[in-house]
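We have chain A already, so just place chains B, C, D and E with the ligands on it with the hints.
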Amino acid sequence: MSAVQVVGTSKIFNEGSAKQVDAIVEVNLTVESGEFVSLIGPSGCGKSTLLRLIANLLEPTQGVVSVNGKTAAQARLDQDYGMAFQQAGLFDWRTVGKNIELPLELKGWDKTKRAKRAEEMLHLVKLPEFAEMYPWQLSGGMQQRIAIARALAAHPPLLLMDEPFGALDEMTREYMQGELLRICAETSTTVVFVTHSIPEAVYLSNRVVVMSPRPGRIVEIIDVNLGAKRTEDTRAAEGFFRSITAVREALRGTHADHVAATAIRGVEDR
Amino acid sequence: MSAVQVVGTSKIFNEGSAKQVDAIVEVNLTVESGEFVSLIGPSGCGKSTLLRLIANLLEPTQGVVSVNGKTAAQARLDQDYGMAFQQAGLFDWRTVGKNIELPLELKGWDKTKRAKRAEEMLHLVKLPEFAEMYPWQLSGGMQQRIAIARALAAHPPLLLMDEPFGALDEMTREYMQGELLRICAETSTTVVFVTHSIPEAVYLSNRVVVMSPRPGRIVEIIDVNLGAKRTEDTRAAEGFFRSITAVREALRGTHADHVAATAIRGVEDR
Amino acid sequence: MTLVGRIAYRTSMFVLAIAAIIGAWELYKLIGPQGGGKFFGVSILPRANNNAMPHVWDMFSRFGRPEVRGSDRKIWVVVLSGAWFSLRLSFVGFLLGSTVGVGLAVLMTRFRIVQRGLLPYLVMSQTVPLIALAPLVVSWGGKLEIGSFVWPRWLSASILGMFLAFFPIAVGTLRGLASAPSAAMELMESYAASWKQTLFKLRFPAAVPFMVPAFKLAASGAVVGVVVAEISTGLKGGIGRLIIEYAREATGDPAKVFTAVFGAAALGLTMSGIVAVSDLLLMRNRPKETTT
Amino acid sequence: MRAETRIQRIMPPLIFGVAFLLLWEALVKGFNLKPYFLAAPSKIIEQFFKNASRIWEASAVSGTNALVGLIVGTVLGIAMSFVLSRFRFLGELITPLAISLNAIPIFVLVAVLNNMYSITSEIPRRFMVTLVVYFIVLVNVAKGLTQVRSTHIELMHSYAASEFSIMRKVRVPNAVPYLFTALKVAAPASVITAFVSEYFGGLQNGLGSRITNNIATSKNAAAWAYVFGACLLGLVFYTLSIILESVTRKGDKK
Amino acid sequence: GGSSETVTQETTAPVTEETAAPVAECITPTPVKLQLQWFTQAQFAGYYAAQDQGFYADQCLDVTILEGGVDIAPHVVLANGEADFAISWVSKALAGREGGANIVNIAQIFQRSGTLQVSFKDKNITTPADFKGKTIGNWGWGNEFEIFAALTKAGLDPAKDVTLVQQQFDMAGLLAGDIDAAEAMTYNEYAQVLEAVNPATGALYTPADFNVISYEAEGVGMLQDAIWADGARLSDPAYVDIATKFVAASIQGWAFCRDNTSACRDIVVAKGSKLGASHQLWQINEINKLIWPAASGAGMIDAAAWDRTVALSLEAKNLEGGTVLTKAPDAEAHTNDIVTAALALLAGMGVDTNGAAYAPETVTLLEGGN
Ligand SMILES: Nc1ncnc2c1ncn2[C@@H]1O[C@H](COP(=O)(O)OP(=O)(O)OP(=O)(O)O)[C@@H](O)[C@H]1O
Ligand SMILES: Nc1ncnc2c1ncn2[C@@H]1O[C@H](COP(=O)(O)OP(=O)(O)OP(=O)(O)O)[C@@H](O)[C@H]1O
Ligand SMILES: [Mg+2]
Ligand SMILES: [Mg+2]
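Protein chains in written order, with my numbering: chain A, 1 to 270; chain B, 271 to 540; chain C, 541 to 832; chain D, 833 to 1086; chain E, 1087 to 1456.
Isolated chain A, as found in the complex (with noise of 0.2 Å):
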C-alpha cells in the first residue's frame, strides 16, 4: 500500500477572479511506505501547496489524493502524519517545552509521558535548556528546531516537511539530517520533504521529485541510488555527486531564464 497517492491533482486559487493564480496542475505522484521524498523547484512552484494537499489542509481543485489507502481527509482525522510548517508557528502563549507539548496533548497522553517526550525531543534539537522560555525569546533557528521537536514527537507514521532545515547553520543541519534519517530508519517513517537544498534532497531522499516553475508541474522524478544506510561518507561517494548533478539539470531546465547559466559545476554553489 503506498502511503501517499497524488492522482491528476490541480489547485487553483481565486479560480475565476481576476487574481486567478494555477499553484499546481495536474500532479501525479505516488509515494511508497517508508519511503524517503524530496520535492524540489523554483520558489512559488506549488510545493507548499501539494504538501497542503496531501495534508488535507487543501481540498484540491480537480484530482484525488489519498493516504495511507485512506482519503486525506480520513487519514488526517486518523493523525497519521506529522507536518512540520514553513513558518514555524508556534504559540507565543505557551512555553517552549508546552509547543512541543501540544500535538501530544491532543493525542490525549498523559501530562508525565508528555513532558517526558518533550524533553527527549528538546534534547534531540540541542536546546534543553530552553523548556521554560517562550517561543518570542529564541532565535529564528532556534523556533524553527522547536517546531521540528513538535512534528517528531508524536512519532507520526507520514512525516511532512516544509523547508524545515531552512533557518539552521551548516553543521546543526547535518546533525538534524542524521538524527531525521535515524528516526525514520528505526520507525520506518514515510516522508514527503521540501527543501531547496539540493545535496541535501540528495542525502536524504530515496527519490527527489523536481517541479516547474508556476503553474507547478513534475517534470522530473530522480532515482537517488545510494542506498539504505547514508553516513557522513555518503556526502563523498560519487552517486552522490551523480545524483547532485541530475537534479540541477532537471531543474536548470525548468529556469527557461536561465539557460544561459553554467551548466555543470563540480561545487556546490551557495
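Hints listed in this document are in silico derivations from the structure and should not be mistaken for laboratory results. Don't take each hint at face value.
Unchecked claim - Within a straight-line C-alpha distance of at most 27 Å, the following computed BS3-like cross-link-like pairs (lysine-lysine) qualify:
1. K866(D) / K1375(E)
2. K368(B) / K340(B)
3. K396(B) / K499(B)
4. K381(B) / K736(C)
5. K614(C) / K776(C)
6. K614(C) / K1357(E)
7. K19(A) / K499(B)
8. K1403(E) / K866(D)
9. K1413(E) / K1375(E)
As the list claims (entries may be wrong) - Derived contacts from chain D toward chain A, CB cut-off under 7 Å, selection only:
10. A884
11. V900
12. Q979
13. S982
14. T983
15. A992
16. E995
For every residue, glycine included, the Cβ atom is placed at its ideal position computed from N, Cα and C.
Using the frame of chain A, we list chains B, C, D and E with the ligands on its own:
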C-alpha cells in the same frame, strides 16, 4: 569613516533572572564604507542580535555601537540603513505593492514616484504580476523576496540583511545574489549580511565574520580576496574554495561536539 | 457566496430567529403561570398574563391601528418617523463618540502617563448616571453660541449618545493599538518612522479586530444614550420620547409600548448593521481562517 | 520592560484626580455656580462622608445587583460566544437578536420586565445587568475566538484536532485579551445599568433611587455624593478585572 | 385694548412707553418661553388653550411651550434663563430655591392637591395609618412628598414601617398586586386604573373596586402646579409687565377650559398628547376641580395653603430621614402682586376668574383611555 563600528559590545537578555541569556559578549567589529561583511555562526549565536544592535533596535548591555560616525540611534533616526528581517514581516492588510512602498511613504515620497519604484523592485525580485495580491496569498519564498524588495526600495547607504535568501531556491538565490552585488556596487552600499550558507558568504563578502555558539563571540574574521567584481566564474575560482575551506574550518572549530566530523571536504555538503 | 446571496441568507436567518422568539413567547403564554412563578419567595418565572406579556398578534396589530383614537396617523408611521429621528441623532452621537474615543485611545497610547492618569477616570465617568448629566448638558448647550452657530436642542441628546459611545471605543482601540506585533513595530522602528506614521501605518490596521467589536458596542451605546436623553430632556420627535409616552399607557394598552420598544430595537439593529458592513469592508483583505 | 514602582503607578491618577477636582471647585467658585446647577466637590465630599453609611448601604444593594449581573452575564456571554463560533448557524440566528435586544434602552426593558415579574423584585434589574454585560462579552469574545492566525488553525487541523481542542488550545488563549477588554467595558457598565434600572420603578433602596431622590429635591451635593459612591463601585469592579487580567497574562509578550 | 392700558398703569412698577402701548398696536409680539414639568396633557390645557385661542397673542406675547421630561426640572430651566416662566409643584420648586435657584411663585393655578393613594378594597387601606407594613407605591422624582407627610403625620417611619416602591409610568404594579397602595393623580393615573379591564369581570374597573385616600382631605395636601418666574428679573418692570400679561392670558385659558371642556380636549389632543381623547376629557374635568371654584380668584396664592405646604416640607421625613426643605423659604419666594394685577386685567375684559358657579361634569372613561 567606517560605516559600522561595534566596540566592546555585549547583550544580555533577562539580566539577573533565572532565564538570563548571554546573547553576545565583548564583540568588536568595524565595517568600512562600501564593504560587504557577512556574519556566520551556529543557530542562536547572536547574529540577529548583533544586527539589531547595529540597527539600534536593541540597546547594548555594554559597549558602544556607532554607524556612519554617529550613534546608532542617530543613524536610525536619519534612516541611514535598510533592514531585511529574518521573518519577512509583511503587513497582512497591505498589498504586496503597498508593502514595498511602505518605507518610501515614510520618507515622504510622492505617489507616482513610489509606485514607479515599487514596480521596479517587483521586477527586480521577479514578481511583477503580484503587486495587487496580499502577502498571505504568496509562497514563503515569494514573501521573502518582497521583504528584500522593501529593504532595497529606498536605496539606503547601509543594508542590514538577516538571512534574506534563506527560503529561496538555488537559482533564484543566485540571481538575487547577483542583483544584490550589482546594486551595492552601483550605489556603493555597505552591507552587513547574515547567512548560514558558507559559499554565499564567501561569494558575496569582502570579509566573513565567524561567530561562536552562545554566548556569541567573534572567533575569526576571514578576508576574502576575490576582487571587487564577482561573476558566475568566481564560483569556480580557486580562491573561492580556499575561502570556503577557511570559513568552514573556523566554524567547525567552534563546534566542540563536531570534532569527529570530516575536516575538509572538496564539496559543499548541503 | 455572492453579496446579495449573503444578505438574503442573513435576512432569512433573522426572520427565522424572530419566528423562534415569537413561538417561544406564545408557548410560554400558553403554559406559563398567569401570576408568575415563585420559588422560595423569589419570582423566577415571568407572568404570562396579557398585561405583562401581550399576545404577539396584539402587538403587531397595534402597529396598524391609529396612535390615538380619532387620529388618522397609524402607529407604525409614528414609530417609524420616531426611529428615523433618533437614528440621525444616534449617528451624530456615534460619530462624535468615535472621534473622542479614538482620540483618547491615541492620546493614552502616546503618553503612558495620560493612560495611567486618565483611564480610571474614564471608567468612573461611565458610572455617572446620564440622569445626573442630562440637565447639565442641556443647560450648557442652551448657553452655547459660537459665532453664528446656535446649539440645537437635539445636539444635547447626541452628546449624551456620545458619552456612552466613546468609552468602549477608547478601551477597545487602546487595546488594539497595543496589539501590533513586535516584529512589525521593530520594522517601523528601523525606518525611524515617526510616532504618527507608526500609528497610521501599523497600529491602526493592527487594531482593527479590536476596534470592530468596540464600534458595535458604541453603536448600541449611542442609541441608548440618545433615547435616554430624549426621555430625560423632553426632546420630542424621537423613539425615546415615544417609549415613555406609550409606557404611561401600559395600564390600559399594554401592547402599545411594545411597538415603540420594537422601534428602538430596529434602530439599534440599523446602527449595528452600519458597523457590520464597515467590518466586512475593513476585514475583507485579511487572511481568512481555513475552514477545512 | 522595566517594572514600575508602585509610586509611579499610583501618582499619575492621583495627581489627575486632584487636579480635576480643583478645577471643578475653581469653576464652581469662579463662576459662582449655584448648588442646584452644579455642586462644588468640597460640598460633595462633605456630603459623602456625612452620608457614608447610607451610601454604603445603597451601594451594597446596587452593587449586589451589578455583581450578580456581571458574573452571570460574563458566563453566559462566554458560553454563547463558544456556541456561536462552534455553530455558525446559531450564531447567525442569535447575533442580530442579541444586538436588537441590546439596543433597547435599559430601563424600558426593565419596565417591561417589572411587569413580567414584580415591581418589588430585584430580578428584572439583575436580568438587565446580565443582558448588558452579556452583550459586551459576547461581541468581544466572539471576535477573539475567530481572529486567530490561520497558520495556527492549519497546524491544529494537521493534528486532526477536534473543534473542541482548537477551541481550547488556540481560540481561547487568543480570546483572552478580548475578554479582558470586554470586562473593562462591562465593569462600569454593570454598575450604571444596575442603578439606571432603579430610576423608573421598583424598590427604593439602591443608589439609583437615592440619586433621583436627591436631584428631585435639588440636593445636588448629596446626589453627587451618591454618584461618587457609584463611581467608586465601578472603579472597584474595574480594578478587579485588571487584577484578573494581570494574573492570567503572565507569559505574554511585553 | 384699552383696559389693558389701565391695568398696566396700576402696577407698582414704573411704566415705559413701550409696555404701556395698547395691545391693539402690537407689532412684534414679545417672545416668551414656558417650561412645563411633564409631557403634553390636559394638566396644562389652560396654557395650550391660551395659545390656541390667541389669548397670549392678544397680550402681544408669542409664547413657546416647552414640554417637560422625566429629568427636566422646570425651576432649573427657568433659573438658567432658558425659559421665562415655568410650571412646577411648590415644594419641589422651593427645594430648588433653597439650592440657589432664584425663582418666585407668581400664580398658584391649582388651588388644591390632586394626589391620591389608591388601593384595592380588599387591602383595607382607608387612612395613612393603614400603610404600616404595606408596600406603598410612589412616583419618585419629588412627586412623593405628600406620602411622606402623611406617613409622618400618622407617626410612621418611611424607612422602616413601610416598603416604599417607585411606580413605573403606569399603574400595572397596583393591578398586578405588587403594590398595596399606589400613588395616583386624580386627573391621570386614577383614570388609567379605571380604563383598565378587570380580568375577573371582563369589564372596566369601577371606583367601587378601590379605596381612595385623598391627601388634600387628609390635611397633608401640598400646593401643586404654579407659575414661577425668574426672581432676578422681577426687578425689571418690562419683565413684570410680561409676567402680568402672561399670567392673565394663562388664567383666561384656564377659564376657557372650564367652560369649554371638549374644545379644550381637542386642543390638547391636537398638540400631540398621547393618551387618548376620553382620557384627556377626564383629565380636564379633574383639573378644573383643582382650580375652580377659586374664591379669591384663580392664581391667588392662599396663605394658609402656602404655609401648610412649607410646614410639611420642613417636617415630613423622607427615606433618608431628611426633609424637603431645611429652612423656611424667605418671603420673596412668592408674590401675589402679579396675579392681582393680572386678575384686574381680566376683570376689565370680563373674564370670570372665580368660577363660583363651576360644576364638574361626568366623564365616561373608555378602555385604554382612547
Ligand atoms: N527577546 C529575547 N529575550 C530573551 N532571549 C533572547 C531574545 N532574543 C534573542 N534571545 C536569545 O539570544 C540568543 C541569540 O539570538 P539570535 O536571534 O541573535 O540568534 P541568531 O544568531 O540570529 O540565530 P539564528 O541563526 O537561529 O537566527 C538566543 O539564545 C536567543 O534565545
Ligand atoms: N491562499 C492563497 N491564495 C492565493 N494564492 C495562493 C495561496 N497560497 C498559495 N498561493 C499561490 O500558489 C502558488 C504556489 O505557492 P506555494 O506556497 O505552494 O509555493 P512554494 O512552492 O511552496 O514556494 P516557496 O518555495 O517560495 O515556499 C504561489 O504562486 C502562491 O502565490
Ligand atoms: Mg513553500
Ligand atoms: Mg537569527
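How the hints compare with the structure:
1. Our distance criterion of 27 Å between C-alpha atoms is broken by K866(D) and K1375(E), whose separation comes to about 37 Å.
2. The straight-line distance between the Cα atoms of K368(B) and K340(B) is roughly 31 Å, outside the 27 Å bound, and the hint therefore fails.
3. Of the supplied pair hints, the one linking K396(B) and K499(B) holds, its CA atoms being roughly 23 Å apart against a limit of 27 Å.
4. For the suggested pair K381(B) and K736(C), the alpha carbons sit about 19 Å apart, so the restraint of at most 27 Å is met.
5. Taken as a hint, the K614(C) and K776(C) pair is honoured in the structure, with Cα atoms around 18 Å apart against an allowance of 27 Å.
6. For the proposed pair K614(C) and K1357(E), the alpha carbon gap of about 17 Å is at most 27 Å, so the pair holds.
7. Restraint check for K19(A) and K499(B): not satisfied, since their Cα atoms lie roughly 40 Å apart, outside the 27 Å limit.
8. For the suggested pair K1403(E) and K866(D), the alpha carbons sit about 25 Å apart, so the restraint of at most 27 Å is met.
9. Between K1413(E) and K1375(E) the CA atoms are separated by roughly 32 Å; this puts the pair beyond 27 Å, and the hint is violated.
10. Taking 7 Å as the C-beta cut-off, the interface hint given for A884(D) is violated, the closest approach to chain A being about 44 Å.
11. Because the smallest distance between the Cβ of V900(D) and any Cβ of chain A comes to about 31 Å, over 7 Å, the interface hint for this residue is violated.
12. Contact between Q979(D) and chain A, as hinted, is not supported at the beta carbon level, the nearest pair being about 14 Å apart and thus beyond 7 Å.
13. Annotation: interface hint on S982(D) violated; nearest CB of chain A at approximately 10 Å, more than 7 Å.
14. Look at T983(D): its Cβ gets to within about 4 Å of chain A, closer than 7 Å, so that hint holds up.
15. Checking A992(D) against chain A: minimum C-beta separation of about 5 Å stays under 7 Å; hint holds.
16. Among the interface hints, the one on E995(D) is violated; its C-beta lies about 12 Å from the nearest C-beta in chain A, farther than the 7 Å criterion.
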